[in-house]
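Protein chains: 2
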Amino acid sequence: MHRCIEMASSNLDQMLTILENPTRRRILQKLSRERHYPLQLSRELKVSQQAIMKHLKVLEEYRLVKCRTEKSDAGGPERKCYVTDHQFSLIIDFAPNMFNVEMRPLTKDKEVGREYDKFEKERRRLLSVRDSKKRLREISRFIQEINEEIDDLGAKRAHLMGLKDEALEEAHAAVEELGRDYNERRLLYYLLDEADRSLASISEKLDLREKVIREMLKRFGENRILIEGGE
Amino acid sequence: MHRCIEMASSNLDQMLTILENPTRRRILQKLSRERHYPLQLSRELKVSQQAIMKHLKVLEEYRLVKCRTEKSDAGGPERKCYVTDHQFSLIIDFAPNMFNVEMRPLTKDKEVGREYDKFEKERRRLLSVRDSKKRLREISRFIQEINEEIDDLGAKRAHLMGLKDEALEEAHAAVEELGRDYNERRLLYYLLDEADRSLASISEKLDLREKVIREMLKRFGENRILIEGGE
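Note that the protein sequences, when read in sequence, are chains A and B. Mapping the first sequence onto the working numbering, position 16 (from 1) lands on 16, and the numbers just tick up by one. Mapping the second sequence onto the working numbering, position 157 (from 1) lands on 157, and the numbers just tick up by one.
Hints may be right or wrong, so weigh each one.
For identical chains, the list gives no copy identity; a pair is met inside one copy or between any two copies.
As the list claims (entries may be wrong) - In silico PhoX-like pairs for lysine-lysine, Cα to Cα no more than 25 Å straight-line:
1) 57 / 80
2) 134 / 218
3) 133 / 218
4) 133 / 108
5) 66 / 121
Hints are computed from structural coordinates only; laboratory data are not their basis.
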């Protein structure tokens, strides 16, 4: 089961364009900690308020931040402040035989959660700690624990990616040995790495007509290349 | 142990700027499968050869691709072809209380490898399969297996990130309750999430002088905020 959720490439393009800008990343970093007023962002990031407003407008348009109005302390007019919104991971994997960009939601999953039941219980316990200083110390320890687990997963993932890159190197060499034409090789690279073998998906990804793909798959089947039997 | 390797932010900035360009990503995708000649890239991606050469130059400068010269089939002059080089993962995690960008190397790790010994053995077995068609089928199955494992790790990571975001939400609320000033809050957010508590690291990350940080830490210690005792 391929659980990754790939966003339409246009979404991915947009997200990378938005996040490429260092000032926008610094704004998001600030807002992820606490709400900020535009003036405050301008002062902290040493960027003109006009530029800040322009960035906030883009971030709001793509729903990465949202605007809230807050009453002023001194009973003055309402003030606009901004907080982050949305959640996702964007991952780019780059190795000599591999280049993948994917987005996936960053949400808790019931099925996965069972494995991390101890964390869930610990989190609930933390909420019941009355003293806010004590709660903060304990939450901090809890976050460090989660960070270690996340690092472990990252090291495992990096190892598997290294293995996959080696396997792809072998596979690409084997594809070359077969002496097929360019589009046939493209189809083989696709089939090697993708679980979704529906004609519609292949056609979209490779920008080739379904009829052309069906014929290539038939030839692969006849020659027992990747596919066993006549498709 | 915080195993992540964070590149200097200037490197990260550069990498995001390079990868933000959709044509460059398409070039890298192509080259990660097999070597290409500039003319071939231009034809396949329907982009002028001049633009392709410009992108390849940038990619070569940042060592994401390298150029090889190959003898022409027809005994003509040597031709330049390009392949991908380098390896890393670039990960952006975005959630309402969290915004992290990190790069880490994508390499096999001996310590981690022990856990995936079955994959390593399987990979060695695959190399000994003589028939190239059979080898390709088996490598493909092997890659699907690794993909499933990588997806599982991704789902686990996403779950933990969801948990972490919830914990950070609690922590940020607790920080607000303490009523400290802006830079003190910045330091608290840093301490909550970072294992590296050396003055030099904090000073660099928060762009504050070590003296200022030392004084804040002293106050936190005195008030038992995150730090127990007088530092």
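Numbers of unmet hints, in rising order: Violated: hints 4, 5.
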